[in-house]
Amino acid sequence: MECLIGIRGKDFVLMAGDSVAGRSVVAMKKDHDKMYQLSNRLLMAACGEGGDTVQFAEYIAKNIQLYRMRNGYDLSTKAAASFTRRNLADYLRSSTPYFVNLLIGGYDDSDGADLYYMDYLGSMVKLPFGVHGYGSFFVLSVMDRYYKEDMTRDEALVLLQRCIDEIHERFIINLNSFKVKIVDKEGIHVMKDLRPTTKQPEETPGTQSMDIV
Amino acid sequence: MSIMAYNGAAIMAMKGKNCVAIAADTRFGIQAQTVSTKFQKIFELGPRLYIGLAGLATDVQTVSERLKFRVNLYELRENRRVKPKTLLSVVSNLLYERRFGPYFVEPVIAGLDDVTSEPFVASLDLIGCPMVTEDFVVSGTCSEQMYGMCESVWSPDLDPDQLFEAISQALLNAADRDAVSGWGAVVHIIEKDKVTTRTLKARMD
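Protein chains in written order, with the working numbering: chain C, 1 to 213; chain X, 1001 to 1205.
Extracted from the complex, chain C is given alone in its bound form:
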């Protein structure tokens, strides 16, 4: 029931995830952050099986940091994504597979901003925009219509707001708050939480007559 959204702009990646942490029919926490910082300019959003998300995300984050400590420089986005994919694929046929769907967004000097989509089986693809969860059925079409290459931050936020509004309009689960972060040259910036735009209630006319004319 979770939703992750990633949008690649001109020189940044905008990432958002719903902030509901739930079990079965209960929403246990309404301000949960599903995005994990892998390094200064690498952000990973993870959704899926409860413990697996945190365990796997932290495992990857620590290994990315270890590479940094050993070699003195960060892994590129592509390399970090490939490393993550290899781990997911290796664990898939073990007795402890990780049921985690990921979006990895990062910035490096050689390739600029990149967004990688990975499903729990370990299939990875580089995308201009990616969505995980049931929300994808509603949001991908909105993205196809309104996304364009080299968007500015404001344009990307407007597009993201459109997506959140569509989810709120048509998805049966109430996801009324999204945590939003931007990764760019300067690092990871936490943006304000986004909520669906509240519509003004329509003017209802006075009591309608039920008389049979």
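Honestly, I wouldn't trust all of these hints.
Unchecked claim - The following label-pair restraints were derived from C-beta to C-beta distances: (1) 1085/X <-> 191/C: 50 to 60 angstroms; (2) 29/C <-> 1072/X: 43 to 53 angstroms; (3) 69/C <-> 1090/X: 31 to 41 angstroms; (4) 109/C <-> 1099/X: 43 to 53 angstroms; (5) 137/C <-> 1203/X: 16 to 26 angstroms; (6) 1179/X <-> 29/C: 53 to 63 angstroms; (7) 58/C <-> 1040/X: 26 to 36 angstroms; (8) 1076/X <-> 58/C: 51 to 61 angstroms; (9) 1072/X <-> 63/C: 15 to 25 angstroms; (10) 96/C <-> 1040/X: 48 to 58 angstroms; (11) 1156/X <-> 10/C: 50 to 60 angstroms; (12) 1203/X <-> 212/C: 30 to 40 angstroms.
What the hints contain is simulated information worked out from the structure, not anything from laboratory work.
Heads up, the beta-carbon is just placed ideally off N, CA and C, and yes, glycines get one too.
The hints should help you fit chain X onto chain C, whose structure is shown.
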């Protein structure tokens, strides 16, 4: 749903006169939902040797990575490029090692022999059974459609341009009759002195 039809694919390779062609669709989807239209399914393992992998996307990526590793080691040890026929055996071995927990891929190999420049096409099933043919090979969710198309458009000794037309029409029309294949296509024409890669204008539905 069948594991081999979870992501969907359409791959084929054809022999021509002193040339081979290999083509694939470029869809990456999860059951009915299309996620990407630029997914790579054909990988270069030598200047005139290509392998196409149909099946589960994660295994397509894993097998291509592990195969590249094996081919690299082979070339370092032998100090020469791997021959297409030998690559067939390498892939067969890789897949049969996982006989009772296989990789869900059905590869297709197309290339020219390094020394003799003789054309070669072959395919394997998911547990590594090799099959070498003299005309064409197909693999993917619309294999029946592709067999029909290839049988109609292929004839022996097509030159590179004719071969390009034949393989393109075969792939496009077969994929159009399959819900989980298509959304873009790429064709590689491998000749003695060059490889031409073209993306086809395909129906994006």
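How the hints compare with the structure:
no. : hint                                 : result
1   : 1085/X <-> 191/C: 50 to 60 angstroms : 57 angstroms, holds
2   : 29/C <-> 1072/X: 43 to 53 angstroms  : 48 angstroms, holds
3   : 69/C <-> 1090/X: 31 to 41 angstroms  : 37 angstroms, holds
4   : 109/C <-> 1099/X: 43 to 53 angstroms : 46 angstroms, holds
5   : 137/C <-> 1203/X: 16 to 26 angstroms : 22 angstroms, holds
6   : 1179/X <-> 29/C: 53 to 63 angstroms  : 39 angstroms, violated
7   : 58/C <-> 1040/X: 26 to 36 angstroms  : 31 angstroms, holds
8   : 1076/X <-> 58/C: 51 to 61 angstroms  : 37 angstroms, violated
9   : 1072/X <-> 63/C: 15 to 25 angstroms  : 24 angstroms, holds
10  : 96/C <-> 1040/X: 48 to 58 angstroms  : 29 angstroms, violated
11  : 1156/X <-> 10/C: 50 to 60 angstroms  : 52 angstroms, holds
12  : 1203/X <-> 212/C: 30 to 40 angstroms : 54 angstroms, violated
The structure is inconsistent with the numbered hints 6, 8, 10, 12, although it conforms to all the rest.
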